[in-house]
Amino acid sequence: MNLNIIGYDGTGKTTLAKNLVDQFNQKLKIAEYYRPGQARYNFVLALKVWGNNNRVLICDRGYYDSAIVMMPDFLVKSDIFVRIIFKLMHFFLPGFDKVFLLDASYETICKRKKELTLKEYEKRARLYKLLEKIVPVIRINAELDKAEVEKLVIDEIDYDLLEQKKLSDSGLYGVSHKYSNQKHVIIEEAQRAYKETLKLLQKLNKNFEFVLFKAHKDQAYVGHDIDVLFKNEQDFGNFRKELKQLGWKQKKVSKIKFWDNCNEKYKEIWRYKSKGEFVTVHLHQQISWRGVIYIDKEKVFVNKKKQLVHDIEFDTSSDEDALLIQVAHIIFEVHKLRMIDLLHLIYLLERVDGKKLLKRTEDYHWQVAYKTFFKFLKAKKYVNGIYPVNIKLNQLFKARIHKLWLDLISLRLNTVGYDIFSYSLDAIMLYIFKPLRRFNILKRE
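For the sequence shown, the positions run 954 to 1398 when our numbering is used.
Mixed in with the good hints there might be a few duds.
[Stated by the list, open to error] Derived pair list, reagent style BS3-like, types lysine-lysine, alpha-carbon separation capped at 30 Å:
#: 1; residue 1: K1289; residue 2: K1312
#: 2; residue 1: K1259; residue 2: K1194
#: 3; residue 1: K1099; residue 2: K1184
#: 4; residue 1: K1218; residue 2: K1099
#: 5; residue 1: K1099; residue 2: K1156
#: 6; residue 1: K1030; residue 2: K971
#: 7; residue 1: K1259; residue 2: K1309
#: 8; residue 1: K1066; residue 2: K1220
#: 9; residue 1: K1308; residue 2: K1067
#: 10; residue 1: K1167; residue 2: K1051
#: 11; residue 1: K1259; residue 2: K1312
#: 12; residue 1: K1152; residue 2: K1104
#: 13; residue 1: K1064; residue 2: K1040
#: 14; residue 1: K1309; residue 2: K1220
#: 15; residue 1: K1308; residue 2: K1331
#: 16; residue 1: K1159; residue 2: K1104
#: 17; residue 1: K1226; residue 2: K971
#: 18; residue 1: K1167; residue 2: K1202
#: 19; residue 1: K1159; residue 2: K1086
#: 20; residue 1: K1066; residue 2: K1159
In short, the hints are calculated from the structure, not lab data.
Keep in mind that this is a model prediction, so the values were computed, not measured.
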């Protein structure tokens, strides 16, 4: 049986989920926690796998809540579009046996958590009503006492069905927290540590010049890292010294220094552990992947804008630069289109003419890669509702070979070396490691 608890922040979703675990553990002895780690879409696979094996899952938040929170404002106005999204999710994604909506007034929520604005509350209230027309949602009054809320939810659960689905004392009972960073850490701890880090960055921003990038305006919950781009090498060096004095530690990808320098020449990863929760900050000297620069950082600083990131103001990349960064990240690192990428692209393309940015990609010879991505986007391979959508290997190969050739004939020999290293390493990952992991020949630790 799959149970989903959705609702506004501050209505007690996580508390309810944990209490249900205790209740079911007493009656059925099948309580064991599951959390997806940094793989943000594992919980969708868990729904399918556990459902097929007669196992039980409680999902705190889940894909309905994620779609509601991430949905751009201009799409919310279209009932038809919103219903299509919900219908696609309802029919194509693994389903829930029960969906509970914890509902409360704006005044009550503000007393518990002050982060939610009235505009955001009204947006989500409207979307929850539309969701109820597609999915059989059970609305629970979250203004009641916690014990009463728990009783109302339990009364709606068929214990006989749960008993039938119990496997044994070794069976699984899961609580999935989307976007939690580390196993055995609840989402509130992740959010707390993440916001504390943002406050630290805001304080340090007075002494060091940097911008945040890949800071999605429409990102629903906390990410597992923060990307910081520095204007000059001196600020980069002094900033890392400051982090070291504050107890942060640099995370090495490899014990071999030469490999680290080749793999990420312009990037360092720093981590800090706060009450069991790791927060990661990526320090960048350039916007690059595997040592290959794709975007002129000087222009990023010229075009920077002020933006609230979880209610804290920072200098961030402009919409134009954000679009370039998003496309380069998809083509040259992740090689696939994820749901959050699509939503962010929709937001950016409403504000930016993607064709006008083609000229800027010529500075670093990746114009074919840029065109390839928009051909992929135009083909609408992502509309079947199954994510992530992989970009075809022949498209990736064509885009990279063209860049390598232009770097070669323009005598950018240093860049050519990193091109060859980067593309060879990606080829090994795409053609060898991923297929081996798919067939469980090579398992990730």
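Given hint K1202 paired with K1167 - CA-CA distance at most 30 Å: Roughly 22 Å between the alpha carbons, so the hint for K1167 and K1202 holds.
Holds or violated: K1064 to K1040, with C-alpha atoms at most 30 Å apart: It is violated: about 34 Å lies between the C-alpha atoms, which goes past 30 Å.
Distance restraint between K1309 and K1220, which requires alpha-carbon spacing of 30 Å or less: Answer holds: K1309 to K1220 is near 29 Å, not above 30 Å.
Pairwise hint evaluation, K1051 against K1167, where the allowed Cα distance is 30 Å at most: violated, 35 Å
Holds or violated: K1289 to K1312, with C-alpha atoms at most 30 Å apart: holds, 24 Å
Pair hint K1066 and K1159, alpha-carbon separation not exceeding 30 Å: holds, 28 Å
Pair hint outcome, K1259 versus K1312 [Cα-Cα no greater than 30 Å]: holds, 25 Å
Hinted pair K1226 and K971, Cα distance within 30 Å: holds, 24 Å
Restraint status (C-alpha distance of K1218 to K1099 at most 30 Å): violated, 52 Å
Holds or violated: K1099 to K1184, with C-alpha atoms at most 30 Å apart: Given pair K1099, K1184 is violated - Cα atoms ~50 Å apart, limit 30 Å.
K1259 paired with K1194 [C-alpha distance capped at 30 Å]: holds, 26 Å
Pair hint outcome, K1159 versus K1104 [Cα-Cα no greater than 30 Å]: violated, 51 Å
Taken one by one, the earlier hints fail for this structure at numbers 3, 4, 5, 6, 8, 9, 10, 12, 13, 16, 19, listed in ascending order.
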